[in-house]
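Q: One letter stands for each residue in the lines below.
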Amino acid sequence: MSLLVRSLLLAAALLAPAADARAVSIVTLALDPAASTLVPESGPAQTLAGTLTLRVGALPPGGTGTSFDVIGLALTASGGGTIGLDPALANPGLGVLRPTGEVLIPTLFLRLEQGGDVLDLAIPDVTGTVTFGPGGASLARLDAQLELATGGQAGLLTVTIAALPEPASAALLAVGLAALAARGARKEVRR
Amino acid sequence: MSARASVALLAAAGLLATGVTVAQCPPPPVQREYRVLPGHLEPHTPGSGAPEELPASLPVQRLLGPSPDLNRVTVLRHFLPKPSGAPPRVILIVVPGFLGGATNFTPLAEQLVRRFNGNLEVWAVDRRTNQLEDRRGALYGRARFEEGDIAGALDALQFYFPDVHAGPNPFPNNPGDADVDEDGVLDPPFALPDALGGTSAFQQLGSDDVRFVAHWGLDTWFRDWRILVDEARAIVGPSGLVVFGGHSAGTGFSGQFAAYDFDPGPGVDAGHEHIDGLLLLEGGGPGPGNATVTFQVNGVAQNPVPRPTSAAEYDALVAQLAAPGGPDVVLSSFFTIPLAQLGAGAELAGLDGHYRYGQPSFASRVSLLQSGALSLLLGVPMTAEMPVALFIDDDFSPVSQLSGSFGFSDDGPNALFPLFGTYLAGPAPAGGLRSWKAFDDPTLPTCPPNAPDASDGVGCAILDRGPRPAPTDPPARWGTTAEPSDLRALLRNQFGETNFLEWYYQAGRLALDQSYGRDSSALGDESRLAITQNATMDKPVLAIGGSNGLAPTEASFASYLSSIATPPEDREIFIAEGYAHLDPLTAEDNVAVPVIVDWVNRLLQRKLLGAL
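Read top to bottom, the protein sequences are chains A and B.
Oh and the first sequence: position 49 is 48 in numbering that gives the first Met the number 0, straight run, nothing missing.
Oh and the second sequence: position 264 is 263 in numbering that gives the first Met the number 0, straight run, nothing missing.
Please keep in mind that the hints were generated in silico from the structure rather than gathered at the bench.
All the pointers check out, no bait thrown in.
Some chain A residues close to chain B (C-beta under 10 Å, calculated; not the full set):
no. : residue
1   : Ala-89
2   : Asn-90
3   : Gly-94
4   : Val-95
For every residue, glycine included, the Cβ atom is placed at its ideal position computed from N, Cα and C.
With the hints as constraints, model all of the structure from the sequences given.
A: Have a look at this one:
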């Protein structure tokens with residue numbers, strides 16, 4: 000393969016995310032353990048760690064917004080419990096992202112597990128906020144808080160999520176942005 | 000920003016918060032509310048106040064008082080309040096099928112509401128004629144059963160089914176006498192207080208008692224249901240979902256509702272413009288109709304007449320129905336069984352089975368079960384849960400429109416009833432009682448090793464009906480039959496705020512209107528009937544069939560789906576393998592639930608994005 004062809008392929012790969020910015024994006028965010036917690040009404044707070052994977056219809060979202068689907072969720076509390084998506088449903092986390100960054104998941108279907116116990120539950124009206132990257136073409140941060148009225152020993156359970164692009168995703172994003180910047184610089188030079 | 004959910008099964012919360020493993024917790028209790036709302040103002044109906052108003056007959060007054068208002072629409076609401084107080088985002092309105100009542104939908108509704116944790120409500124409709132059911136005996140009986148007052152419970156049976164000497168129709172081998180309390184005395188009919196301040200026995204209504212029903216056409220039904228749709232829309236808002244649907248014949252009614260033009264003038268106000276999706280459960284939707292109309296008189300079919308093609312012809316037939324002595328306006332019998340008695344009997348048998356499961360049946364003492372067609376099916380000594388079980392289980396019921404898979408009975412000989420391909424239960428050995436084996440009993444008989452023709456005296460609860468037909472093949476049953484439905488839940492749903500069977504299924508006017516199928520343009524007058532918008536119906540449709548039911552394959556829905564404007568990608572079909580006709584409504588751990596949940600989720604997302 001000639002150097003020219005390889006260079007063109009590499010350039011195409013680098014430029015693809017920017018050129019296709021309005022297509023569906025799959026984004027994996029990692030929880031910031033320092034800012035993600037699970038706090039029962041009574042009892043000690045726990046930290047939360049893990050990832051959530053999103054399928055976003057178009058960035059930046061135009062008009063009334065775009066689809067914002069949680070398609071992967073793997074959270075672990077420091078107490079040992081895990082939170083994932085309900086595997087019985089094909090689409091357990093369908094939501095919308097407004098141009099303002101507001102997120103709404105009308106019903107989020109979760110599965111909680113600890114040891115051998117499995118509990119499926121639905122959380123109505125989950126809201127959150129997305130902080131966009133430059134130009135609205137990427138997700139820089141997601142914040143959300145869920146309050147579960149347990150009625151049990153723990154009382155009200157508050158789950159706070161602060162999620163950032165994974166290091167790998169962030170690196171890819173940086174490369175894409177750099178490529179964009181380089182292309183812009185070349186255009187400037189031609190003028 | 001926050002989301003707050005009431006999660007009654009949240010031992011998980013404690014689990015996650017403390018790291019303590021917690022055992023299974025009870026699911027959140029779904030609440031029910033029976034709502035009676037002002038319905039469409041049909042002028043001939045008692046209580047309308049219009050010049051055309053017809054009087055309520057004395058039997059109707061005994062039930063509903065001297066000045067009843069029958070322009071009402073009733074619905075059984077299944078819901079779970081959200082702790083935030085916010086309204087649900089989705090309301091599913093469902094219509095039962097032939098002889099069906101609102102509680103047909105209860106198990107499905109409870110699973111859907113619980114699954115959405117309050118973000119979805121299910122409103123199950125009772126048609127207008129439900130108001131005519133004389134449920135005094137059932138309510139009295141329930142109170143007595145609750146108190147453990149057996150003599151009182153037997154009085155409730157004698158309210159509907161008084162003792163009979165020599166039996167009304169001792170066939171084929173019954174003793175002919177019905178002594179419900181077995182006191183050796185021919186007791187008089189038991190009477191209860193009525194709405195006129197006196198006491199009276201069971202008010203079993205005939206068509207001449209309710210001639211105003213001749214004016215309850217599909218137009219009246221749909222305008223009643225439109226009231227519900229509008230209320231639901233006001234609750235969920237413009238970005239929420241109102242989904243309409245039905246079961247069995249209710250799929251036909253719901254499809255016709257979607258096709259209805261509510262604009263009384265030349266404009267168009269299509270029903271489908273007010274809903275966001277259509278859910279068809281074990282029924283193929285509205286058909287193309289018939290060229291003729293057949294009325295019945297006292298249950299006897301009359302000569303068919305051509306379907307009217309003008310308002311004058313249509314009005315003439317309605318006038319026949321409204322005239323005393325005219326054709327039946329409510330179905331008088333079903334398999335020779337007086338329908339109102341069947342409804343009352345089902346409710347009593349439900350009470351008996353619920354409160355006295357496993358004990359000798361009281362309900363089978365009554366004349367209805369000891370004579371005529373029911374004695375063939377229910378004529379052997381049995382336990383209290385058995386009359387409902389044998390009447391409705393797909394292995395024993397001769398009526399596939401009413402059957403589900405609730406278990407089996409194999410503690411006595413079974414024989415094949417060739418006419419229907421179902422089993423007849425013979426007497427238990429040594430004078431014992433036939434009893435029921437629940438749906439989740441691991442010893443339910445399978446074929447093989449048992450014989451489908453019951454030549455082994457047992458037969459099969461579970462059998463293989465063969466490979467799945469191709470989507471374009473004619474509908475045929477296939478797959479391994481399932482036993483997903485719980486008889487105990489069915490017994491419980493026979494009684495309460497409302498019930499499972501419809502005692503007065505409309506005839507006459509319904510036959511007239513149904514002759515137009517999914518397009519009443521041939522009538523040429525939208526002021527009588529306006530099913531004119533089927534071709535413009537473009538909302539998403541989810542059709543669910545049962546491979547052992549009446550809509551067993553994709554082809555079951557082809558006629559309707561090909562008649563509407565819904566794009567192919569929005570026509571979804573799911574066939575639940577092994578499910579009989581009622582199972583999509585009555586199954587525990589219903590396999591249709593995740594399918595419906597996913598469909599609703601996708602519709603809601605589209606709605607929020609303005610793409611629906």
